[in-house]
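Novice: Keeping the supplied structure of chain A fixed, place chains B and C upon it in accordance with the hints.
These protein sequence lines map, in sequence, to chains A, B and C. The opening residue of the first sequence carries number 92 in this note's numbering; numbering runs sequentially from there. The opening residue of the second sequence carries number 12 in this note's numbering; numbering runs sequentially from there. The opening residue of the third sequence carries number 45 in this note's numbering; numbering runs sequentially from there.
Wrong hints could be hidden among the right ones.
Among chain C residues calculated to face chain A with C-beta under 8 angstroms, some are [claimed, not checked]:
(1) PRO438
(2) LEU439
(3) ILE444
(4) TRP447
(5) ILE450
(6) GLN451
(7) LEU454
(8) GLY457
(9) THR464
(10) SER471
(11) LEU472
(12) GLU483
(13) PHE487
(14) ILE525
Keep in mind that the hints were calculated from the coordinates and are not lab data. These numbers come from a predicted model, not from an experiment. Using N, Cα and C, we set each Cβ at its ideal position, and we do this for glycine too.
Chain by chain, the residues:
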Amino acid sequence: MSDQTLILLALSLPLIFSGVIAITGANRNLRDSLMVGSAVVLFIVVASILPSVVAGGRPSVELFDIMPGLALGFAIEPLGMIFALVASGLWVLTSIYGIGYMRGAQEKHQTRFFACFSIAIFAALGVAFAENMFTLFIFYEVLSLSTYPLVAHKGSEQAKRGARIYLGLLLGTSIGLLLPAMLITWWLTGTLAFQPGGILQDNVSRSVGAILLILYMFGIGKAALMPFHRWLPSAMVAPTPVSALLHAVAVVKAGVFTVLKVSVYLFGLEYLQSLWSADLVMWVAAFTLLAASIVALQKTNLKARLAYSTVSQLSYIVLGAMLANELAVTGGGLHIVMHAFGKITLFFCAGAIYVAAHKTEISQMDGLGRKMPITMFAFLLGALSVIGAPPLGGFWSKWNLLLGAVDAQQQIMIVVFLLSTLLNIAYLLPPVVRAFLLSPPKEDRDDHHDGHHEDHHDTRGFGHRFGLSEAPLFCLIPLSLTAIGTLLLFFFVGPIRGFIQSIFTGVM
Amino acid sequence: MTLLGLYNYWIYILLLVVGLYAVLVKSNYVKRMIGLGIFQAAVFLLFISMDKVEGGTGPIIRGIPDPDQLFSNPLPQVLILTAIVVGIAVTALGLALAIRIREEYGTIEENEIRRQDHEA
Amino acid sequence: MTLTEQLPILVVVLPMFVAPLLAVLASRGQLPWLVATITSALTFVIAVALTSQVMASGQIDYALGNWPVPFGIGLTIGPLSAMILMIVSGASTVALVAGRESMNAEVDPSHQALLYASWLLALTGLLGIAATGDAFNVFVFMEISSLASYVMVANGPKRQALTASFKYLVTGTLGATFYLVGVGYLYMMTGTLNIADMSVRLGEVSDTLPVMIAGGFIMLGLALKAALFPMHAWMPNAYQFAPTPVAIFFAACSTKVALFVMLRFQYELLLPNLGPHAVFLSSWLIPLCVGGFLVGSAVAMFERDLKRMLGYSSVAQLAYIVLGISLVSSAGITASMIHFFNHALIKAALFVAVAGMIVRFGSSNLDQLGGIGKRMPLTVLGFVLAGVSLIGVPLTAGFISKWYLIQAVLAEGVLGIVLTVLILLSSLMAVVYIWKVVEVAYFKEPADGHGGQAAITRQEAPLPLLVVLWVLVAANFWFGIDPSLPISLATQAAASLVGGIQ
Numbered sequence: 092m093s094d095q096t097l098i099l100l101a102l103s104l105p106l107i108f109s110g111v112i113a114i115t116g117a118n119r120n121l122r123d124s125l126m127v128g129s130a131v132v133l134f135i136v137v138a139s140i141l142p143s144v145v146a147g148g149r150p151s152v153e154l155f156d157i158m159p160g161l162a163l164g165f166a167i168e169p170l171g172m173i174f175a176l177v178a179s180g181l182w183v184l185t186s187i188y189g190i191g192y193m194r195g196a197q198e199k200h201q202t203r204f205f206a207c208f209s210i211a212i213f214a215a216l217g218v219a220f221a222e223n224m225f226t227l228f229i230f231y232e233v234l235s236l237s238t239y240p241l242v243a244h245k246g247s248e249q250a251k252r253g254a255r256i257y258l259g260l261l262l263g264t265s266i267g268l269l270l271p272a273m274l275i276t277w278w279l280t281g282t283l284a285f286q287p288g289g290i291l292q293d294n295v296s297r298s299v300g301a302i303l304l305i306l307y308m309f310g311i312g313k314a315a316l317m318p319f320h321r322w323l324p325s326a327m328v329a330p331t332p333v334s335a336l337l338h339a340v341a342v343v344k345a346g347v348f349t350v351l352k353v354s355v356y357l358f359g360l361e362y363l364q365s366l367w368s369a370d371l372v373m374w375v376a377a378f379t380l381l382a383a384s385i386v387a388l389q390k391t392n393l394k395a396r397l398a399y400s401t402v403s404q405l406s407y408i409v410l411g412a413m414l415a416n417e418l419a420v421t422g423g424g425l426h427i428v429m430h431a432f433g434k435i436t437l438f439f440c441a442g443a444i445y446v447a448a449h450k451t452e453i454s455q456m457d458g459l460g461r462k463m464p465i466t467m468f469a470f471l472l473g474a475l476s477v478i479g480a481p482p483l484g485g486f487w488s489k490w491n492l493l494l495g496a497v498d499a500q501q502q503i504m505i506v507v508f509l510l511s512t513l514l515n516i517a518y519l520l521p522p523v524v525r526a527f528l529l530s531p532p533k534e535d536r537d538d539h540h541d542g543h544h545e546d547h548h549d550t551r552g553f554g555h556r557f558g559l560s561e562a563p564l565f566c567l568i569p570l571s572l573t574a575i576g577t578l579l580l581f582f583f584v585g586p587i588r589g590f591i592q593s594i595f596t597g598v599m
Numbered sequence: 012m013t014l015l016g017l018y019n020y021w022i023y024i025l026l027l028v029v030g031l032y033a034v035l036v037k038s039n040y041v042k043r044m045i046g047l048g049i050f051q052a053a054v055f056l057l058f059i060s061m062d063k064v065e066g067g068t069g070p071i072i073r074g075i076p077d078p079d080q081l082f083s084n085p086l087p088q089v090l091i092l093t094a095i096v097v098g099i100a101v102t103a104l105g106l107a108l109a110i111r112i113r114e115e116y117g118t119i120e121e122n123e124i125r126r127q128d129h130e131a
Numbered sequence: 045m046t047l048t049e050q051l052p053i054l055v056v057v058l059p060m061f062v063a064p065l066l067a068v069l070a071s072r073g074q075l076p077w078l079v080a081t082i083t084s085a086l087t088f089v090i091a092v093a094l095t096s097q098v099m100a101s102g103q104i105d106y107a108l109g110n111w112p113v114p115f116g117i118g119l120t121i122g123p124l125s126a127m128i129l130m131i132v133s134g135a136s137t138v139a140l141v142a143g144r145e146s147m148n149a150e151v152d153p154s155h156q157a158l159l160y161a162s163w164l165l166a167l168t169g170l171l172g173i174a175a176t177g178d179a180f181n182v183f184v185f186m187e188i189s190s191l192a193s194y195v196m197v198a199n200g201p202k203r204q205a206l207t208a209s210f211k212y213l214v215t216g217t218l219g220a221t222f223y224l225v226g227v228g229y230l231y232m233m234t235g236t237l238n239i240a241d242m243s244v245r246l247g248e249v250s251d252t253l254p255v256m257i258a259g260g261f262i263m264l265g266l267a268l269k270a271a272l273f274p275m276h277a278w279m280p281n282a283y284q285f286a287p288t289p290v291a292i293f294f295a296a297c298s299t300k301v302a303l304f305v306m307l308r309f310q311y312e313l314l315l316p317n318l319g320p321h322a323v324f325l326s327s328w329l330i331p332l333c334v335g336g337f338l339v340g341s342a343v344a345m346f347e348r349d350l351k352r353m354l355g356y357s358s359v360a361q362l363a364y365i366v367l368g369i370s371l372v373s374s375a376g377i378t379a380s381m382i383h384f385f386n387h388a389l390i391k392a393a394l395f396v397a398v399a400g401m402i403v404r405f406g407s408s409n410l411d412q413l414g415g416i417g418k419r420m421p422l423t424v425l426g427f428v429l430a431g432v433s434l435i436g437v438p439l440t441a442g443f444i445s446k447w448y449l450i451q452a453v454l455a456e457g458v459l460g461i462v463l464t465v466l467i468l469l470s471s472l473m474a475v476v477y478i479w480k481v482v483e484v485a486y487f488k489e490p491a492d493g494h495g496g497q498a499a500i501t502r503q504e505a506p507l508p509l510l511v512v513l514w515v516l517v518a519a520n521f522w523f524g525i526d527p528s529l530p531i532s533l534a535t536q537a538a539a540s541l542v543g544g545i546q
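Chain A with its partners taken away, still in its complex shape (with noise of 0.2 angstroms):
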């Protein structure tokens, strides 16, 4: 099959997909292996497309002109691949996961849920194969409409509240501050075709360029560069296979794969180092980064503390952009599928602690490593990798990020990284220490023997013969399989590194 095929086909399949879900609804295993089978095969084209790109190619599929000049079109290049990849994935991991939690946590409105997910699937593989800043804007916005009814998806009075400050700062955002900067630079440039080496160099002046990154930078409001980070936390309202998902892939990855994208193939590096506002964009990078991981200590909620801690994770991303040079753009690219991985391990494991043990509180995991060790250990490996230590895979994406602040001569950004690390794991791994070395706290020791198995009966988890109260097992695999990738990362990311610098000496 034709690469042209195969980008079609990738993107067309989660649509068909969410359409036959919406009509098997009613029985739920076809639909739940439905589900996962599409997954599979979307993974399957996907990765089909990878040889062509390594091998220096970049396929692309031009649709049709929309407007005059501003067409409808696909192009993969290094990053882009890297990303669907990762999104398409970690998809088949999380519908499994997903099928476990909402049978698991009784959730209402299956239906809905996993067609909404394939839309937002496809919204995030059209961003990674958008060919101009057009199609990756259309697909963009998709996104976050289509993740609007994921997250208000309990349609309680909260879930309503943190859906309109997740839809009213993305909606707001995009309209008010990312179509401006599209609209000038059509206007100046006449493109928005995404070029290696830019399309800003020539045609606009340093000032206006200036101007026109600080409204791109926070126009991607999925960046959740401080103040637009709100809608993050707020979206955690949304049932966990959301947040993983979502929150840890897909949508805070499309915004910092747009920064990527902006950064690299719209403004081009070498005109991105002359700017000023670039280094304005960096201390609001390395500032969201401090103090979002400042507010990550202070809550007590498991999935508060973790959305604040994306929210500083999406900035190392952000500040990589902003360096500008070869090293820490590939730092933020690799921290793409870093960060991908460990966060995705940690919010599944949370949301395993909750479909067990229905615990939401950190002050509420201590001793739990005795009767879910299995998801503890993920969880370490998770937070591990998030820190950034050997040997795991968050190690590398760090450490050529301070590479690319030492290149960039950029000594205070160093510093940053460094004091975000220990910030990081002063909030990461006191909830596995205490889940591990302290004991349960009294009123779970007390109600253990007469509560649990009387209600929930499909829910009884893993290992209950062995006296562990362990997760579903659809909720454990998974799991399981992408802490082990945080592991494996670290020592196969050569292939990784070396592809998405293929950008800076590849042929395009």
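Specialist: Leaving out everything else, chains B and C in the frame of chain A:
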């Protein structure tokens, strides 16, 4: 033309403004319709007065016209006929509405009607 | 004398002849509705035929009664006129097809015969304005359609319809009369009423003051008719209290026709001949437009009644169109005309959805529409998608309009940047009021005590209404992805209009 020689324009402007005042300021619906009528009449006067040719007679041809005879312009008069008809229709409709409003509200004063709507 | 040659006059005259026939002969049961719908559909077909003719061979000129222009009245159908003809007849057909049950619910069937007859007369008037080439003829048709409109609005179910209609009558007549004064001045200066002839003769006029005054009166009159800020107050009132099918029809097209006339006068008569003075005139329009879209969107955010909210939203959208006109550039006209087309699609869809809600739930007030997302999911989804087009999300028609408008505005330098910011601000306000509806529809409990899962029964809107709604929504997406038709019509028209300016 002297300022006074433009008296037709002065009259029309005066009537226009009077009519406009009535429409905007008065709260009684019938008074508004009257104002509207005055306003429209002002415009009719403008058109008709503009078509009078000095020394011209009414634009009616009897027998073979005298080549030196001046006629007033008939076109604006025709236009005004149309406009008058429109004006009649508008007045009729407006007054019909006023009657219906009186039936529904018991009054045709704007303030009273607004008060009744607020209470409802 | 073939049928094709007679199409220009046929499109205007057909509804005019059918109207009295309807009132007298076909006044029983559903017959008025049927006759009106068929007539409307026929005019739409004729309009489409005219459009394809115009796109193929350029402007069509038709002399009424074979009296040569400028002695007689001439019809001129250019690309812009053709587009307006299509929009008006299309909106009328759509509103009629979708609105049968809605009309039955709101207006007593025994009054419907006269109401539908008025509908056809309003249709005649609007089509006539689009087709004619004579300035006074515009006034005549404008008053025909306005009088019929006043009658239609007054037939709303609540008694406030009467006062709304009265205010509409007063404002509309003021507007028409100002327009008439303007035409009178122009006649005084040129001696002709035919627009094309006038533009030639105006070139020879040395005293430009009366022409400027004429321009001022005409613009003012048309602004009143078009509900341009700050003279917009009559419109949300009229839309709220008119029978909903009437609101569908009007929201989609009636004020736009006044804007069309404004466009013609501006570009065919005033700008070519007054030059910098006309530019000055139009620069007065810009702050009014800004006021329009800011105030319109802002008030819409706080309205609880959907029809009123959409009325204020229309004030804002029309202000966008006038902004395009006031920019005095080819890009500006193109943007306005694209929005003529797209806004008709958007507003028609939104009002059709509201009509569905009223038919089933008897109210368009948000306080009473809690939870309708579960009871009429297809209707509400249609509303949301049309709302998304209103906001201007990419892949919808609304996005195309916004893109073109901002591109046209950016050409104005610093002012352009300010205007862009304000336009996007009002888009964000649109997000607020559309999302209010989403939240009430999907998250709120029904207010009538039928809360709880057990009593939620599916009560979709009537089938014809649903079909029309989804056709319109599909059109919104179609023209968001492939806007070549409106774009080509708009650019053709812009080229011919701007050709008159040096």
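Novice: Checking hints one by one. Is THR464/C an interface residue toward chain A, by the C-beta closer than 8 angstroms rule?
Specialist: holds, 6 angstroms
Novice: Should the hint that GLU483/C touches chain A count as held when the rule is a Cβ pair under 8 angstroms?
Specialist: At 6 angstroms from the nearest chain A Cβ, GLU483/C passes the 8 angstroms test, so the hint holds.
Novice: Holds or violated: ILE444/C as interface residue toward chain A, Cβ cutoff 8 angstroms?
Specialist: Holds: closest Cβ of chain A sits about 7 angstroms from ILE444/C, inside 8 angstroms.
Novice: Just to be careful: measuring from the Cβ of ILE525/C to every Cβ in chain A, is the smallest value less than 8 angstroms?
Specialist: Cβ of ILE525/C sits 6 angstroms from chain A, so the hint holds.
Novice: Checking hints one by one. Is SER471/C an interface residue toward chain A, by the C-beta closer than 8 angstroms rule?
Specialist: holds, 5 angstroms
Novice: For the restraint on TRP447/C, tell me whether the closest CB of chain A is nearer than 8 angstroms.
Specialist: holds, 7 angstroms
Novice: Against chain A, is GLY457/C within 8 angstroms by beta-carbon distance?
Specialist: Nearest chain A Cβ about 11 angstroms off; hint violated.
Novice: Against chain A, with CB atoms and a cut of 8 angstroms, does the hint on LEU472/C hold up?
Specialist: Because about 6 angstroms separates LEU472/C from the closest Cβ in chain A, which is inside the 8 angstroms limit, the hint holds.
Novice: Quick check on LEU439/C please, does its C-beta sit within 8 angstroms of some C-beta on chain A?
Specialist: holds, 6 angstroms
Novice: With a cut-off of 8 angstroms on the beta carbons, see whether PRO438/C makes it to chain A.
Specialist: holds, 4 angstroms
Novice: Regarding the hint that LEU454/C lies at the interface with chain A, is the smallest CB-CB distance below 8 angstroms?
Specialist: holds, 5 angstroms
Novice: Can the hint on ILE450/C be confirmed by a CB-to-CB distance to chain A that is less than 8 angstroms?
Specialist: holds, 5 angstroms
Hint compliance for this structure: hint 8 alone is broken.
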